[in-house]
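Peer 1: Based on the sequences and whatever the hints tell you, model everything.
Protein chains in written order, with our numbering: chain A, 1 to 422; chain B, 1 to 422; chain C, 1 to 422.
Nothing false has been slipped in among the hints.
Calculated lysine-lysine pairs in the BS3-like style (CA-CA distance at most 25 Å, straight line): (1) Lys166/C / Lys52/C; (2) Lys114/A / Lys142/A; (3) Lys300/B / Lys182/B; (4) Lys200/A / Lys52/A; (5) Lys200/C / Lys200/B; (6) Lys200/A / Lys200/B; (7) Lys166/A / Lys52/A; (8) Lys200/C / Lys200/A.
The hints are simulated quantities; they were obtained by calculation from the structure and are not laboratory data.
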Amino acid sequence: MAMANAAVAGGSAGTAGLAATGLPERTPGWTLPQAYFNDPEIYRRDLERVWKTGWLFAGHTCEIPSTGDYFLVELDTESVIVIRGERGSLHALHNVCRHRGSILCADPCGHVSKLVCPYHQWAYDYDGRLLAWRGMQPDLDKADFPLARVALRETGGLIFINLSPKPSSFDAAEACFGPLAKPQGFDRARVARVADYLVKANWKVVWENNRECYHCNVNHPQYIKANFDHFNADDTTPRIREEISSVVARSEARWAKEGLAPSHTDTGMTRFPDAAGGIWFSANRTPLVEGWVSETMDGKQVAPLMGDYPDAEVGTLRMRALPNFWNHSSCDHGVSTRLLPMGPQLTAIRVWWLVAGTAVEGRDYDLEKLMPFWQLTSEQDWLICERQQKGINSSAYTPGPYSTFKEYNVEGFVQWYLDMIR
Amino acid sequence: MAMANAAVAGGSAGTAGLAATGLPERTPGWTLPQAYFNDPEIYRRDLERVWKTGWLFAGHTCEIPSTGDYFLVELDTESVIVIRGERGSLHALHNVCRHRGSILCADPCGHVSKLVCPYHQWAYDYDGRLLAWRGMQPDLDKADFPLARVALRETGGLIFINLSPKPSSFDAAEACFGPLAKPQGFDRARVARVADYLVKANWKVVWENNRECYHCNVNHPQYIKANFDHFNADDTTPRIREEISSVVARSEARWAKEGLAPSHTDTGMTRFPDAAGGIWFSANRTPLVEGWVSETMDGKQVAPLMGDYPDAEVGTLRMRALPNFWNHSSCDHGVSTRLLPMGPQLTAIRVWWLVAGTAVEGRDYDLEKLMPFWQLTSEQDWLICERQQKGINSSAYTPGPYSTFKEYNVEGFVQWYLDMIR
Amino acid sequence: MAMANAAVAGGSAGTAGLAATGLPERTPGWTLPQAYFNDPEIYRRDLERVWKTGWLFAGHTCEIPSTGDYFLVELDTESVIVIRGERGSLHALHNVCRHRGSILCADPCGHVSKLVCPYHQWAYDYDGRLLAWRGMQPDLDKADFPLARVALRETGGLIFINLSPKPSSFDAAEACFGPLAKPQGFDRARVARVADYLVKANWKVVWENNRECYHCNVNHPQYIKANFDHFNADDTTPRIREEISSVVARSEARWAKEGLAPSHTDTGMTRFPDAAGGIWFSANRTPLVEGWVSETMDGKQVAPLMGDYPDAEVGTLRMRALPNFWNHSSCDHGVSTRLLPMGPQLTAIRVWWLVAGTAVEGRDYDLEKLMPFWQLTSEQDWLICERQQKGINSSAYTPGPYSTFKEYNVEGFVQWYLDMIR
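Peer 2: Right under this line is the structure:
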């Protein structure tokens, strides 16, 4: 066990250069040292190197259908307004007046005709341009005081923002998400319900939990009924292999003609992320188990078909983007999850349930049938994360080994993360 | 906009020497950089250089009419007992026993026959002298263990304390406040009600809000009905100028013979503070708008005349002292406001409503009519302050320009503050 | 009074070497400087030098009678499982899985058949040995991943643990506690009730309070009726001396034949700790006042006799161990108190009431009669501690002198403490 704490002689792709940054060394294949999960300095570094450089999932276009509709995205001390402008345009702006610094919007979402500061009524256009500032001296020029803009990209009804002044390209992510998301119809959806959580765990604890299904058997009794990804190379029995082959074959036959062919056709989780390739996003379509058409408690459809789906047997669409987004969508509803860091050991998590935009609650769907599958599965995970964070804080915590069968994606996440902050 | 963040070549009265102290530079005429509002080290410096050197408003003499009456003043980790001693004397003492350090008084106000420590009953006189200490060895001398004294001055019924071992002179402040406060009769008043607030904002945010009426039009619908100071050089119309001239002329005619002549006779706020002159206190009398005799919801008198006032038409008395006091008083009631810092982003604020000492609630006045004007105006401001603090905490906050028409007193406050902590 | 803050020329047993450590100097016979009570760095040092080297009281053997019964001990960020293994064995293990670091047990006490991590079901034996880890690669060896063990010793039904990898000897403490605790029958007792408190005071404030009865006269009206230790050399009158001699003589006559002779036979508290001798534990038997057989509100027996006691007139057994334990036991019940630090100004305190294992609530005893004496006395002390902490935090706090008559044990505690952290 000496290896767990030893410096790695000669380094490796996963750790080379960590020592030079003053960050604790990690042994490849093993969990991160404690400081990565609770040190305020490393948390500051995470904010600068990950959260202020990466593309962050903000929300859905269907949440702000009309000009002047907005919602806020708040992480740590940042507050960003995502707003629908004229002619369908979308803008992201820092929620900070250029005069005395007051926030402009206090409500988490709403509708405005202009962005007017509640303090002295400086008024900004939807794109951040300063329109009016009663009482200011004439030698100042309004053009010098726009709201600070935040980069924004939309694809398939999903809105991403980027706090960096020089954001990396979003094009490859759009090419990945767009075609798969389009038939789901997020742009024509409506939000059936939102649940907000404050989870007492570092954001990386939440991701590590998300990146393996090693914990699913005991912790997620609902989830494992519907899916194949808790089986891995070490425990996929011939019977399981036969089952997945059968549903894949049937899915391929049906979906190919609709352009909905499954792209993940094995047990186990699809490989993501790929630190070596710099891949922080991915999406795929995968079948559910025989007899299940939706991720609901009994596998039955619970709401009208969404988007362009011809029938219910379309498996599930899955999307994910680091550092803060994943989505599981069935024929009749989609579930988006967004993480936002609020402190070294605190993560704000929002879960959305979306249905077809024309669906009416009580008539076309009931929340009692729509929500439990992912509400239970999500809350099971948050509890796990808080227990893990508590143990990590102990002086007795030492890095442990990842299962090469089951935690390959956790290792991938850690490599991606270390590349980001190095 | 490069100017907002640029270092000031050559310096200025407002910023010269800031760099030498390690404090962030400020551009004159622009708001302070973020660190002044949330950095714990600058907060510590504020405590040492401002709060532990300045004269702090503590409360009113009428709150402790009898020997042994006391109230506590608590800021950050300090606790001070303000107590009425023998023959009308007033004392301020640190609320810390010289034995093991226990606080002596736990209740925020009350009456004691001696100051007896609840732990081992060491007993002190009202002036802090140690009177008794059962069980201590005879080679120690009680005279060596008085309570730590805090400087105290009273003027016109207002009590100020100073935590410095070598307090600056209070004489000029007394000369300013005394004659104007005397006719209001604070020394013969009674407290009708107290409201306590914990505002999530740096204390300077609260002062900057107080030092301009640029925000009044939209935020203070009650206040602007009664007053002229939300009009400034850029927006005082001939009609407004005529109105104020008319009420001033009438006031001068009436009040001169009573020694109550208005001293602020223009629209806009009186200039305060004056950093160059070292003026941290000021007071003036100013007329209300035609038809208003009191700062109440409809301008009508709601309680018996206070002090020496001959009739209701005495305009308003206004007093202010940095870093923690302001008061607005009408013919029938006075409202005092006291700030006390509790953290870098937390300020404890108390507002008092005072009426004539002989007034009886229910018979002579009703809280429902007495309180709303200043309760609403105060709470409108606290909300503004919390929104401003939130925006300032964002990485997108950058200093903005003050209106030379409307925020001259905010600039004056910032200059005074920077002089204090430099 | 210059002495209170002066550096001690030449040093002394109590302070020599403090300056070399960077810790604030203390004047012998005077209270500690402020930083010892609220500085986060000194708190970290207390954890390392005191709490992670000393033997800590954990609980009672009777709380975990059967194989698989456990309870948690949590201090600061540490969590320790104390568990009953096979054949009566007892084990203490860090509550941290060797895989991803999750805590194993989330409930504060309970029963398990194995220690199974709720995350991925790694399963450990009662002694921490890893038994099973489904899904891990075969090149890893389970023997390399036991739970981190914590030293544990039991004596007379009392369980102590030690977080140090090289714990100091417990033998002398066992020799002290064992013979005195045995007749009380803690090993055959049952817990009638537990009360948990979070006291806003540094742990040393709580101990200093415990180490003198100077505060008892006014603060503990119940306690002083039953005991002699609030009298000291300066105030033990001839009448009091006669009283204690009388009860001691009678006690000696009765108890000698039972092996229960009193070992503390004077007024005042027994001397403890002894820094020079390195003594961090002590126990003694002492008489109660005439007419009292139990520390209850009226001195009457309120539950069946415990352990081996032949009758009710056995005075009280008292045990104490630094840094976290004291116990007062009468013929019919025992009361244990345990401190655990949760922050620089926060201490978790648990108080247990124990009775004979065969006693049945409602039939043999009532909580209404069993609890008040020590519940009141304890809560009186916690209030004192919070008031002292508040005063110590003031800038006006300066060290004060201990009474040589009444606070000799507080001085002893401080000397012991400074020896530990130096």
